[in-house]
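Colleague: Modelling step: build the complete structure from the supplied sequences, incorporating the hints.
Chains A and B supply the protein sequences, listed in that same order.
With positions in the first sequence counted from 1, the corresponding number in my numbering is that position plus 77.
With positions in the second sequence counted from 1, the corresponding number in my numbering is that position plus 714.
Hints in this document: simulated from the structure, not taken from any laboratory.
One should not assume that every hint holds.
Stretch-level coverage of chain B by chain A, calculated; a stretch enters the list once three of its residues show a Cβ under 8 Å from a Cβ in chain A [what the hints assert, rightly or not]:
(1) 793-804
(2) 813-822
(3) 855-864
These figures come from a predicted structure and were not determined experimentally.
Ideal placement from N, C-alpha and C gives every residue a C-beta, glycine not left out.
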Amino acid sequence: MPGLTPDEWSIIALSLRVALVSVVCSLPLAILVAYVLARFSFPGKMLFDAIVHLPLVLPPVVVGYALLVLFGKHGPVGSLLDQWFGIVFAFRWTGAALASAVMGFPLMVRAIRLSIAAIDRRLETAARTLGGSGLWVFASITLPLALPGVITGTLLSFARGLGEFGATITFVSNIPGETQTLPLAIYTFTQVPSGDAAALRLSIIAVVLSLIALATSEWLTRRVDPAGRQ
Amino acid sequence: MIEVDIEQQLGRFHLSVAFRAEAPIVGLFGGSGSGKTSVVNAIAGITHPQRGSIVVDGKRLLDAAQNIDLAPEERRVGYVFQDSLLFPHLDVRANLLYGRRLRPRAEHFIDEDRVIELLGIGSLLGRRPIALSGGERQRVAIGRALLAQPRIMLFDEPLASLDASRKAEILAYIERLRDELHIPMVYVSHSVPEVARLADTVVLLAEGKSVAVGNPEEAMRRANLMPTADRDELGSLIDTRVVEHDAGERLTTLAFDGGKLVVPLLADAPGERVRARILARDVSLALRKPAEISILNILPGRVTSIGGDEASTADIELAIGAARLVARITRRSLREMGLGVGQEVYALVKAVSFNQGSVGYA
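Modeller: Have a look at this one:
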């Protein structure tokens, strides 16, 4: 396989940018939600948990449509964001990032939640008696101990973002150079008569990217053991 | 000084504990489920009694009536947990310094070097907790609590997970803290030897209530009133001074008001205070002074009370000078000797019945 064409490079760059921005922006919220789900019980927790997990089980088209209705130019959230902050999601790459963040969110939350739940809470109590405020204890004890889950969740969500198709195409359409990520480009090539070769090339690239993401996740989880076991 | 007067409903368990101690080391003693840990958790601010107050060194940590309930991080208590709870993601040095960094410099009274020297942990600094033995972990946990510059140290059964020789080692370190730092401590244990060796004031707990508060001699004799206490552990404490050593025969003579005790050789210098614990079942009684007998300690005394509720045994309390001694004998011996209150008897204690755990610096 000869070198990649400039078009292919730009598709890869856009896909990576969309996936990266989506995980970076959703990570803080995912940590917060995972912490709340792991540590607190409150009325309506089941419903809250179900809503967080919804994108995992809903048809992606439904999520995309819901985003379109809410965050579209004339949607209730989208119009306000446009008016107040000048942030527009509709038919922009930022919308693709939002779609992939929403779709990857449950995966991220699940992994982080599991590793927070596995922490011995008395370690946090000990840290409090040593003079640490609640927030400081969270930053210095809870979060470092949950690091394996944070890494796993982030990479899972990143890989999910690279592969995101249904919600993205429904929400922000398939605009080359703006919202046409790797899966959308592959889909486009399969729709034209002479596109087979190009679709195959992009598919191989997708496989390679996914393998790299998985291998990185595996390598990091093995390396980052907070307790320092060899 | 520490003043505790709290009431707390924990599920179906009701905690109602009150004591006040000037003494540097308070022993909280009781069986499992007696509420010992609940009391230290309340002192540390981990749990919140519905009623009452806790004052340490004049500082009000809790006063339910005035809505004072300081957060754990504001209380300055050094809590040493049963299973050390070192932070697994930090090395020993970072564990030690965790609390120190969080206290303002003006509150510092002990520095890192001193703690490392006191606890002998200099060679462990770069290690992770997972690479430490149980005894090492507990020493680091004590150091970590000390460096958080506490007003008071709380020990919750710190020796429970250690074997006998480690126990003796950690006890010796805790004694060093008491003698060199003069920091007040609350020491929780269900073990008579530990409490007897360390505490100046003992609080007896049973079923969530403080049933007796007093000096260790008094408390240990009352321990037999407690349904939860291990009856085999009933004993007496005698405060003595080292008189002389016999290096040849490897024996040490101790003097107390009431007589002398011969025990296996101790390391303490003549003149030093030593507290000896004598188990009730190690004491025999005789009506006449025995002769031609292997027992080295023959102490004349007078019967002050006869107790014990078990069918086969009786606990005879004796006054030997100002000291008190309890002897556990069978009901049959009691009947055959015709013992009664006020009677003069001789208490016999084998020198070999003392061991390292029962004689220690007081």
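Colleague: Determine for every hint whether it applies to the structure shown.
Modeller: Do the hints match the structure? See the list:
no.	hint	verdict
1	793-804	holds (count 6)
2	813-822	holds (count 3)
3	855-864	holds (count 3)
Going through the hint list in order, the structure satisfies each hint without exception.
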